[in-house]
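Participant: These are the residues of each chain, in order.
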Amino acid sequence: MSAPARDCWLAREGEQATLFLSGAWQLSRLAEIDAALAGVAIPASAIALDGAALTRLDTAATLALLRRLSVAGTSIGKIANFGESHARVLEAVKGRLGDTDVESPRRPHGVLALIGLHVIEFRGLMHGHLDFLGRATIALRDIGLRPRLLRLKETATQFQQVCVDAIPVVILVSFLIGIVLAYLFGLQAEKYGANIFVVDGVAIGTTRELAPIIVAVIVAGRSGAAFTAQLGTMVLTEEIDAIRTLGLSPMQVLVIPRLLALVVALPLLVFVGDVASLAGAMTVANPLLDITPTTFLERLHSALSIDHVIVGLAKSVVFAGFIAIIGCRMGMTVSRDSRSIGVNTTSTVVQCIVSVILLDAFFAILFQELGY
Amino acid sequence: MNAASVIEVDSIVTRFGAQTVHNGVSFSVPRGQIAAVIGGSGSGKSVLLREIIGLQHPTEGRVRLLATDVWDASEEDLAALRRRFGMLFQDGALFSSLTVAQNVATPLIEHANVPPHLLGPLVRLRIALAGLPVEAATKMPSELSGGMRKRAAVARALALEPEVLFLDEPTSGLDPITARAFDQLLRFLCDDLELTILLVTHDLDMLRGIVDRAIVLSRGKVIADGTVKEVMQVDDPWLQSYFRVRTMLEGPDNNRGT
Numbered sequence: 001m002s003a004p005a006r007d008c009w010l011a012r013e014g015e016q017a018t019l020f021l022s023g024a025w026q027l028s029r030l031a032e033i034d035a036a037l038a039g040v041a042i043p044a045s046a047i048a049l050d051g052a053a054l055t056r057l058d059t060a061a062t063l064a065l066l067r068r069l070s071v072a073g074t075s076i077g078k079i080a081n082f083g084e085s086h087a088r089v090l091e092a093v094k095g096r097l098g099d100t101d102v103e104s105p106r107r108p109h110g111v112l113a114l115i116g117l118h119v120i121e122f123r124g125l126m127h128g129h130l131d132f133l134g135r136a137t138i139a140l141r142d143i144g145l146r147p148r149l150l151r152l153k154e155t156a157t158q159f160q161q162v163c164v165d166a167i168p169v170v171i172l173v174s175f176l177i178g179i180v181l182a183y184l185f186g187l188q189a190e191k192y193g194a195n196i197f198v199v200d201g202v203a204i205g206t207t208r209e210l211a212p213i214i215v216a217v218i219v220a221g222r223s224g225a226a227f228t229a230q231l232g233t234m235v236l237t238e239e240i241d242a243i244r245t246l247g248l249s250p251m252q253v254l255v256i257p258r259l260l261a262l263v264v265a266l267p268l269l270v271f272v273g274d275v276a277s278l279a280g281a282m283t284v285a286n287p288l289l290d291i292t293p294t295t296f297l298e299r300l301h302s303a304l305s306i307d308h309v310i311v312g313l314a315k316s317v318v319f320a321g322f323i324a325i326i327g328c329r330m331g332m333t334v335s336r337d338s339r340s341i342g343v344n345t346t347s348t349v350v351q352c353i354v355s356v357i358l359l360d361a362f363f364a365i366l367f368q369e370l371g372y
Numbered sequence: 001m002n003a004a005s006v007i008e009v010d011s012i013v014t015r016f017g018a019q020t021v022h023n024g025v026s027f028s029v030p031r032g033q034i035a036a037v038i039g040g041s042g043s044g045k046s047v048l049l050r051e052i053i054g055l056q057h058p059t060e061g062r063v064r065l066l067a068t069d070v071w072d073a074s075e076e077d078l079a080a081l082r083r084r085f086g087m088l089f090q091d092g093a094l095f096s097s098l099t100v101a102q103n104v105a106t107p108l109i110e111h112a113n114v115p116p117h118l119l120g121p122l123v124r125l126r127i128a129l130a131g132l133p134v135e136a137a138t139k140m141p142s143e144l145s146g147g148m149r150k151r152a153a154v155a156r157a158l159a160l161e162p163e164v165l166f167l168d169e170p171t172s173g174l175d176p177i178t179a180r181a182f183d184q185l186l187r188f189l190c191d192d193l194e195l196t197i198l199l200v201t202h203d204l205d206m207l208r209g210i211v212d213r214a215i216v217l218s219r220g221k222v223i224a225d226g227t228v229k230e231v232m233q234v235d236d237p238w239l240q241s242y243f244r245v246r247t248m249l250e251g252p253d254n255n256r257g258t
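Line by line, the protein sequences are chains A and B.
At the far end of the first sequence sits residue 372, using the numbering used here, and the numbering has no gaps.
At the far end of the second sequence sits residue 258, using the numbering used here, and the numbering has no gaps.
Just chain B, same shape as in the assembly (with noise of 0.2 angstroms):
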């Protein structure tokens, strides 16, 4: 298996009309990273995001995904591709007519051969890893709050048992204390389990606590790529006004410098 990179994207531009959200992107992420897109709004990340799975087409560039041409790629290879990856969208996008432990079972009974035995078990597991108690399973999503609902759809996402994860802003409208529980369910996540995970965030907790590499778009290019350490002493504008503000929160001493 190619250790090297899971995820390759090489030259991306996007464009809606006359604006231009990517110009030339490229970066690649190996196995068992957890890597961070960042970028202020407006930037793309959410489309490049969706650009990576398969969702949205890129104007020009190309993306590699497990060693397949996401956009070259025939109907069935993308369909035996998407089976290796999970993807959490933003709101969690749990199907609201079915209750948790059927969303993580969708996947298992679509496209995995379970004995019937099993199924119920498995199911628990998933929702037992993502970090759920036991009582969510027989619950409707609209009956769990914004950091279950995330949990849960993060164990729909594992069903499959997937090599790598995307995650669409995993901890927005999420509480600090919910926030960094989940940042630790990912870093289990990635190092338990060995998946890797792609994530487009604004939180800098998350960034300072649990990412491997930070990838920051600006102006339709990636002006920064590599530790969150690294990132902070590109001189950018953008960039510096974006950790400035969390100096401001903490005060000089103990941030500046590391």
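Looking at chain A on its own, in the form it has when it is part of the complex (with noise of 0.2 angstroms):
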């Protein structure tokens, strides 16, 4: 029989069919030998095959060749002139193409079965904080009745970490802040000669509301994605689980120290940041709205009260304590697997920014109430 040069052909002998191979069947010329084969009538009964002229076999290729032969409803009678190592291929191959049908994917869920499940979801996970918080706040009673249990190595690494590293960029927002709005307050109070209320706004607007917005949104986005990636790393390299064993308390040894290192470095960073931006308004005053330094030292005296500082500083408390619950939890809750470190790390800065600008209009209303 002569033999055209292409992949495969189909010859008959009275009522014996011959599927001819022919060439290199690799995967790399997979797409052809898969048109080759869409291009022969296969018949409905039994074939044999004929390896004669066969290459190379790869398991790919006979994949192709046994799925449109199942396709076609055809079985294999004969096995013709297949070196040992291609029969072995096919041999293979038969073996699992049982294996190889993908079943339909599963159905994506509807919007409303979505919104559903993220509900659920949500109510775990505060349900999860409530109760980390709870277990935080065990720990530091049983701190409280033994002060040996602290651990004041660690808590001053974590200061070290959250509050001294971050002083310079505190500084360098806060500032900055208190430049622009000094310059927006500025432009408008120049229309009513009212130049020197500018120093009234920008004090009292940065102590008791922007400075610690800012400085605690920083502080999200720096030590809560650290706490998480820290601790979930440690998840991942067992050290949790290690800690557990050696009878320590991974809330002791971890949490309580980042929690209290945080509650003390918030106020702390919020002050400098309150200093910094007050500067920052000093230094663009002068220029802009012919306010000394001295001038604007003395209507600051006058016109911020110390109370608008200590509610700034007293919110950054709280601030810094579900920062720290968060980041803490997120981390420990971390699954065996690396990807979602950074699905928690993401989800930590998401959250802790959002309780924080939450929790400051639950403040504002409640010191209005209050009267402060």
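Calculated from the structure, these hints are not laboratory results.
Possibly wrong hints are sitting among the right ones.
With beta-carbon atoms standing in for the labels, derived distance ranges [what the hints assert, rightly or not]:
#1 A:244 x B:90: 23 to 29 angstroms
#2 A:236 x B:240: 38 to 44 angstroms
#3 B:90 x A:45: 49 to 55 angstroms
Don't be surprised by glycine CBs; every beta carbon is placed ideally from N, CA and C.
With the hints in hand, could you dock these two chains into one complex?
Facilitator: This is the structure we're talking about:
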């Protein structure tokens, strides 16, 4: 029989149909081979395979062949002239053909179901946070009863990382915010000749609202995310399990030092932010509004009641508690694959920022009603 | 095709600072063989593997893999070479954000022109060839046991029909039964799919069960190279104590003098 230069062709001798295979049947030519197979009218009766002209046969090409045959409802009657290794490949794929069917993909959830799933997930998340807060409180009580439990060294290390290392970025951002605020207020106040009130606006605005929020957002992004990543990595490497096995409490060893460090650090950072933003405002007040530094400070002294500063600092203590609890819990609940660290870290930052702003809104109303 | 040797390692020297890990390591592996590199911890087995597949530059020496000089090849040649071998990393190194099926499909989608209707079946075939049940395809790597993760990684390494398969400690962390089943998988890949396999192992059962050839690294050199039986006869203190551990477990009767 003459052999045309193609991958496969069908020949009949009486009742018996034979499929001749030829050339290199390998993955890199899979598309051509599949097209060639599609071009052959495969009969429904059993056919014979002839592999005399095959130079190579790999599992991918064999799969293409066997699936075409099974779609046509054909069985393989006889195998002729196959090399030993080609026959083995054919057998190996044939034995696993049943496993290669792909079931239809799962239907995606509808919008309503998605909303429902997210609500349930959210409820679980909140429940978990509350539970974690409770256990942290118990751990704090234990420390209150037995101060020796407090890990001073770890707390100091954390304080260094969340407070001292954050000072430059807090100063920079707050200083710039002070400049922008003084500039914007100044543009408006100048129209009424009320330049001096810019000091009132900036002083109350930054110390009471802006500095706490801005600094809390910076710390949420810096330290909240760091807590999740640190603890999450420790979950992955089973360090947390090791701590438990050694009879120590991860809450005491890891969470409480971070919580305490942050609760102390955030008010201090907010105070740094207060000073820096007022300094920023003072810097532009002189050239822009003809308010000399002396006038600025005098006005500041009479306009800024200490209450505003204290309200700002007090709020930041609560912000710090939320950031630390969320950051640590999201780290402790990392599942044991590396992807989940990224997912949880992102979630920490989002949760921290949203909760800081919600808390701030709550405090705004609360202090209004209390008359501060 | 050069049937003589698929992997040629020629006088490799590796230094990290003052520490010399390899001091002239040479061997070659012919097609269709399962060869094992053994040696104590810190003898540079994994480093050698990384040097062979082009991940880490040896200080001196040459590596020829499938007739391509790994450390002298152009970026295109290297890219072409990488499609012709598969590597199983110690912990599988599966992409944790993808399902097993997506892991296996990744190299196929990137490098092979597979007709869409065949992609799914081909991925399933790889998974079945690696000895995983069909249900594993839709699972995430974190949902699999250690043994299944290794098999999933083998399925991914097999995706592009490689000619050579490298394995770093394939049976570490597996129980003996799972490990022996893994041995059978390697033997099947070597015998039926004609892969050449180079692995790094500590597993004595694996050495005696399926390995055609053992290459022993010690003090920066190849101190023994041959069948496991031959290697066991070599008079070297480290090697002798290595095999003696086994004798202590099984008793002297059914082990020595093989």
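Participant: Would you mind marking each hint as holding or not holding in the structure?
Facilitator: Each hint, compared with the structure:
1. A:244 x B:90: 23 to 29 angstroms: holds, 26 angstroms
2. A:236 x B:240: 38 to 44 angstroms: holds, 40 angstroms
3. B:90 x A:45: 49 to 55 angstroms: holds, 51 angstroms
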